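A.B. asks: Position chains B, C and D against the provided structure of chain A, taking the given hints into account.
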Amino acid sequence: MATRPIRRILIANRGEIAVRIARACDELGIATIAAVSEADQAAMHARVAGERVVVGAPPARDSYLRGDRLIEVARQRGCDAIHPGYGFLSQNPAFAEAVERAGLIFIGPKAAAIRLMGDKAAARRAMVAAGVPVVPGYEGAGDEDDGRLVRAADRLGRPLLIKAVAGGGGRGMRVVRAEDDLGEALRAARRESEKAFGDGRLFLERLIDDARHIEIQVLADDSGDCVQLFERDCSVQRRFQKIVEEAPSPFADADLRQRMGETAVRAARACGYVNAGTVEFLVGADRSFHFLEMNTRIQVEHPVTEMTTGIDLVKAQIRIAAGERLPFAQADLSTRGAAIECRINAEDPDAEFAPSTGRILLAEFPDGPGVRVDAGIGTGDEATMHYDSLLAKIIVHAEDRPAAIRRMELALAGTAVLGVATNLPYLRAVLAHPTFRAGAATTAFVSRDMAGWRSDRGDPEDALLTLAIADHLRAARRDGDPVMGRGGRHDDPWCRADGYRVGGR
Amino acid sequence: MATRPIRRILIANRGEIAVRIARACDELGIATIAAVSEADQAAMHARVAGERVVVGAPPARDSYLRGDRLIEVARQRGCDAIHPGYGFLSQNPAFAEAVERAGLIFIGPKAAAIRLMGDKAAARRAMVAAGVPVVPGYEGAGDEDDGRLVRAADRLGRPLLIKAVAGGGGRGMRVVRAEDDLGEALRAARRESEKAFGDGRLFLERLIDDARHIEIQVLADDSGDCVQLFERDCSVQRRFQKIVEEAPSPFADADLRQRMGETAVRAARACGYVNAGTVEFLVGADRSFHFLEMNTRIQVEHPVTEMTTGIDLVKAQIRIAAGERLPFAQADLSTRGAAIECRINAEDPDAEFAPSTGRILLAEFPDGPGVRVDAGIGTGDEATMHYDSLLAKIIVHAEDRPAAIRRMELALAGTAVLGVATNLPYLRAVLAHPTFRAGAATTAFVSRDMAGWRSDRGDPEDALLTLAIADHLRAARRDGDPVMGRGGRHDDPWCRADGYRVGGR
Amino acid sequence: MWFHYRGAGGNRAVRVERRGEHYVVHLGGRLREVIIRRAAGPALDLLVDGRPLRALVAAEGDRRAVKLGDGDALSFDRVDAGSDEGVEVRIEPRASAPGDAPAAGRPAPDLPEAVTASMDGQIAAVMVKPGDVVEAGATLVVLEAMKMEMRLVAPRRALVRHVACQTGDVVRRGRLLVQLEAA
Amino acid sequence: MWFHYRGAGGNRAVRVERRGEHYVVHLGGRLREVIIRRAAGPALDLLVDGRPLRALVAAEGDRRAVKLGDGDALSFDRVDAGSDEGVEVRIEPRASAPGDAPAAGRPAPDLPEAVTASMDGQIAAVMVKPGDVVEAGATLVVLEAMKMEMRLVAPRRALVRHVACQTGDVVRRGRLLVQLEAA
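Those protein sequence lines, which keep their order, are chains A, B, C and D. Just so you know, we're using the numbering used here here: the first sequence kicks off at 1 and counts up by one. Just so you know, we're using the numbering used here here: the second sequence kicks off at 506 and counts up by one. Just so you know, we're using the numbering used here here: the third sequence kicks off at 1011 and counts up by one. Just so you know, we're using the numbering used here here: the fourth sequence kicks off at 1194 and counts up by one.
If you're looking for bench data, these hints aren't it; they were derived computationally from the structure. Please read all numbers here as calculations on a predicted model, not as lab measurements. A few of these clues could be false.
To be verified - Straight-line Cα separation of at most 20 angstroms, EDC-like style, residue types lysine to aspartate or glutamate; simulated pairs:
| hint | chain 1 | residue 1 | chain 2 | residue 2 |
| --- | --- | --- | --- | --- |
| 1 | D | 1340 | B | 699 |
| 2 | B | 700 | D | 1325 |
| 3 | C | 1157 | A | 192 |
| 4 | D | 1340 | B | 964 |
| 5 | A | 110 | A | 221 |
| 6 | B | 747 | D | 1362 |
| 7 | C | 1157 | A | 194 |
| 8 | A | 242 | A | 449 |
| 9 | C | 1157 | A | 38 |
| 10 | A | 242 | C | 1159 |
| 11 | D | 1340 | B | 857 |
| 12 | C | 1157 | A | 388 |
| 13 | A | 195 | C | 1159 |
| 14 | D | 1340 | B | 893 |
| 15 | A | 195 | C | 1055 |
| 16 | C | 1157 | A | 352 |
| 17 | D | 1340 | B | 869 |
| 18 | C | 1157 | A | 97 |
| 19 | C | 1157 | A | 221 |
| 20 | B | 700 | D | 1342 |
To be verified - Pair ranges (Cβ atoms, derived):
| hint | chain 1 | residue 1 | chain 2 | residue 2 | range |
| --- | --- | --- | --- | --- | --- |
| 21 | B | 555 | A | 459 | 17 to 25 angstroms |
| 22 | B | 836 | A | 269 | 31 to 39 angstroms |
| 23 | A | 157 | C | 1179 | 41 to 49 angstroms |
| 24 | B | 857 | A | 438 | 57 to 65 angstroms |
| 25 | A | 438 | C | 1179 | 45 to 53 angstroms |
| 26 | D | 1203 | B | 534 | 30 to 38 angstroms |
| 27 | C | 1060 | B | 534 | 53 to 61 angstroms |
| 28 | C | 1061 | B | 562 | 19 to 27 angstroms |
| 29 | B | 942 | A | 4 | 21 to 29 angstroms |
| 30 | A | 440 | C | 1159 | 31 to 39 angstroms |
| 31 | C | 1034 | B | 599 | 42 to 50 angstroms |
| 32 | D | 1307 | B | 940 | 34 to 42 angstroms |
| 33 | B | 562 | D | 1240 | 50 to 58 angstroms |
| 34 | B | 837 | C | 1157 | 25 to 33 angstroms |
Note that CB positions come from ideal geometry on N, CA and C, so glycine has one too.
For reference, chain A alone in the conformation it holds in the complex (with noise of 0.2 angstroms):
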């Protein structure tokens, strides 16, 4: 095929993955806009980007996910291109159409496959017929009534799972075991579903309760070359949503992790999947693996694949976009050492992980040999209640685990945001946790092991002499005092450099 350049992107995201995108494109030359909310004129991702516009109100419903006005602001500011990060659009095969429609270049797959993977039970539907193993369960069309899923459900056992068709994030979904009302659990899936997505259609799955969740990052191109990065271990997760992912996965072996990759390019080549896309599967203790989902776009968790690999993926996805073909194949890709990621949540551990909201007073990130910090916010920012908790990934490299986790610990020890209550303890602890440091840990771990967790932050003594230190140097510069005021001119906007220092000089 030939080649489309790309001169101008639209980033049509926010947050940590609309930086790691404007930063790609600053490397390969590529102009950025970014589209923001009203909330997000100054937000890290609208200053790092070579121009913004704003395309609307702070709800993304207003903003970032406004399909025509984003393609509207691209089409008006000669964009060739528009990246949709991960949430939001990304997903909407819609909105891929109607991108490509408007001229312009949607970097993701085609809209075909977003739809069909969106579609959870065709999804299902056409693995088996590519001989991808599903989690063994019950689609049917795709449009069962309460009664075919029921007499299913008889057939499948307990426990089970119900999902939603059009479902993602954990919404429309019901565990149901041996003591439940599978009725009513249907019912209350269904109604959820419907209010979530528009959409009521459900499907069943057998539940896999103590399983890991290994994914297999693939790249293909438009020529047809597919390859796969292998695989991210993302087990520990609490309420669905993954915190901390790994590469390799402490659990795979080589053989393993061949038949995943395998399988994985085959269910990419199954649905003509073109861009870089993710096959999720469910890993029993077996080593029997099951294919769970496909998601169709980059990935929060991809920097663990891009560490271990050496494969840079955003500007891998700009390039295939562009046209060009993958420049390496199967045989030269390998993996090297072992990288974790942390995602750094405003959220307060001690209340139940609610959102915490507010400025960020003071954000400080580690670095030195194999840290990487992918970060959306800065000391002065605001984590704004419309948008997700992610403020930051905190990434680390090392030559194998036990080293990573060690460097894991140290960069977290060594990560400041001040403000609001972030999830940086729990990080901590599950760093730390036996079951995790053994490489043992499954989907079942956070709510297993770290159900007993709670903060302990100890005795605030010295940090309340800390703050009373502070404010006592506060009140002394305003009053001019003479020790400490080097003419009074330590009261101002920039005082970060108001160093200063008693003895031994």
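C.D. replies: Just chains B, C and D now, kept in the frame of chain A:
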């Protein structure tokens, strides 16, 4: 050999390498003690170490070079080992011996290897004996008088390089071209060498004017295993000081790489080398290479090798010193992608690179994919006249050299060091230069291709406008301006967080 | 000079006195000698009775946050005391976390009858009106933030006395939303 | 309000006036409309006549430093002007870099007879005394900083009138070290 447990390390260095060592120790679970001068009590390397001990006055001869005192402190504080970093006492064989005599582990090679490689004439003889090609020259027995050197010079022809047997860092070195007076040059070099090293012995080398400086990293353990970790290209030098280093060398092909690697291992074996070391070569346009010297310590530019090979060299140093065997064989090693390092020095490119001292009012470093920062200073720290001018190293790693160059350009653009002059504008000019970009820089690059460079900071009007706005904000805050004031609490020592925003929200 | 802070453990008072180049800090009935080794922007390096203490501090208005060494962050509010005396009042920990006091200043009364916002967020739906009698578990208000939906339910059968919010309102954690009384 | 700065290009005056939420900046005979989009610690995001301008600023005493966008750092000194008028004085660029004025305030007179410190550093050796007659190229003083040694030499045959430093002195760039006169 038996392993010798290392639980506590005295770091006998300062700045970024001391921070780097402390980090490696943290990762290995080894306690650290920073031996600091009075000037460095609050410096970053003092802050990151587990403990800090003041060993003397600011001048290095009264602190970082006081071997006796350092050993005493190490013993008093229960250390098992001393890490000398680079510079200071790292290549002092008497210190290495004294450390071992005190029952401590010197993290580096044996004194005999340091001593041999420290005597440049003896090292040349040893290399010749081992079949390692050396730069054509004349060292005699290493204590030749002027008459013999003049006769040897006549045989060698011009241009020539007079070098000090005890030399290093360019001191006691003289270039002699056709028109120069050899006798006068010899006398000057001898005087300088006597003054600098207390040793006036000289030898001669043919001057290879337009060569590449390519060096091979080696690692060897007690058992006799020795591997090479491929090359670094450090051709970009100013007055024999490296500024920009990279791996792999854009000049080396697979054949040269392999021949140089094998030669470096031969050189290391010839002197019974243990631990990390670097064999430096001059490589001509015809891909002939000649031994220059061996650096018997960790080098400033070690990160580019770490990023391309995935091996942590400082951790490897410590493990080897603890008697562990290398956990990999030569066949396990390979390089991936390209890495570049830029040294951020406190020196003023507008004033002939004179050292610049003072408080760092602001230090901000880049982050993100493939960017590593090894810094020895932060906001509020001092760049003092007592030590060398290296403040921090920016290292990038990417798929290939053009991508690494682009990543470095962006990383340098994202680096802010305010308060002292730095070589950042110069580094940016090096990165932008067609010769460098073409991978064609030789040791003549700086003096030839960069000769005409002058910083161009353009019209300062935007800068003045920004400063005035900032000073105005400060004054408004001080006066309790109702819009700015927020209760007048913003003029405080922690006002980094005093965000302010108009409109939109 | 006295400083007063409110945190998870209640109100605490700290006195700081300058003595030459040292500081004497009075806290929890004990005196500590503090030397400031370095203060650069948000970073403070202290020696407290000879023990090194590294901290990062940040403030906005009365809000204070601090991270000690490699530890976790802690939040406080600086509060005014009526006098310059060191009155130390320890209050019972609130259910909500330190530093997340409601914007309106005082925490809402944590009575069984008061249903308060469980997080900062926006009111997505109000399901009741004054005078309604609701059963235990009935949804009263739906609160939304950061893609998370939270249903606030009646703790028991009750009469809705007052509804203090409407759809679209932006509320801070702890804000009173619905007032119930025994039905 | 007028602000005065001294940089490599001389003294410059800038006037800033607040007009509601905008600022009007008078500089170099032109007016610019400035909107502050964000000010967080050292980071300023401005709109200058509609053009975005990102900057990092830092200050200590009268020293000012600024980095614009992805560019290089620039240094200035804030200076006082006798009145609140916008007097703009452009002086010839000095040999030394912006912002590195000697600690003593005024730059040392750059006469051929004055030998000044070429960098911040410590006096490693003083080779002459008052009354000496030195030849062109003779070393007068050895200055040392950051492992670098710099020899300050007589520009021509001269009489040493005054030696303003001694071994061990710590000097800032531009400080007078030796005063020469025609011999």
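A.B. asks: Straight-line Cα separation of residue 1340 (chain D) and residue 869 (chain B) no greater than 20 angstroms?
C.D. replies: violated, 26 angstroms
A.B. asks: Is residue 1157 (chain C) close enough to residue 192 (chain A), meaning Cα to Cα at most 20 angstroms?
C.D. replies: Holds. Residue 1157 (chain C) to residue 192 (chain A) sits at ~15 angstroms (cutoff 20 angstroms).
A.B. asks: Does the alpha-carbon distance linking residue 1340 (chain D) and residue 893 (chain B) stay inside the 20 angstroms limit?
C.D. replies: With Cα atoms ~6 angstroms apart, residue 1340 (chain D) and residue 893 (chain B) stay inside 20 angstroms; holds.
A.B. asks: For the pair residue 1034 (chain C) and residue 599 (chain B), does the Cβ-Cβ distance stay inside 42 to 50 angstroms?
C.D. replies: Given about 48 angstroms between the Cβ atoms, the range holds.
A.B. asks: Within a Cα-Cα threshold of 20 angstroms, do residue 195 (chain A) and residue 1159 (chain C) meet the stated pairing?
C.D. replies: holds, 13 angstroms
A.B. asks: When you check the alpha-carbon spacing of residue 1157 (chain C) and residue 97 (chain A), does it fall within 20 angstroms?
C.D. replies: Violated, at roughly 26 angstroms.
A.B. asks: Is 50 to 58 angstroms right for how far apart the beta carbons of residue 562 (chain B) and residue 1240 (chain D) are?
C.D. replies: Since residue 562 (chain B) and residue 1240 (chain D) have Cβ atoms about 51 angstroms apart, the given range 50 to 58 angstroms holds.
A.B. asks: When you take the CB atoms of residue 942 (chain B) and residue 4 (chain A), is the distance between them in 21 to 29 angstroms?
C.D. replies: holds, 27 angstroms
A.B. asks: Is the hinted pair residue 700 (chain B) and residue 1342 (chain D) satisfied, with a Cα-Cα distance of at most 20 angstroms?
C.D. replies: The hint holds at about 13 angstroms.
A.B. asks: Given the proposed pairing of residue 110 (chain A) with residue 221 (chain A), does the C-alpha separation stay at or below 20 angstroms?
C.D. replies: holds, 11 angstroms
A.B. asks: 25 to 33 angstroms was suggested as the range; check whether the CB atoms of residue 837 (chain B) and residue 1157 (chain C) agree with it.
C.D. replies: Violated, since residue 837 (chain B) and residue 1157 (chain C) (Cβ atoms, about 45 angstroms apart) do not stay within the stated range.
A.B. asks: Given the hinted pair residue 1157 (chain C) and residue 194 (chain A), is their Cα-Cα distance within 20 angstroms?
C.D. replies: holds, 17 angstroms
In this structure, the earlier hints numbered 2, 4, 6, 15, 17, 18, 19, 26, 27 and 34 are contradicted, and the remaining ones agree with it.
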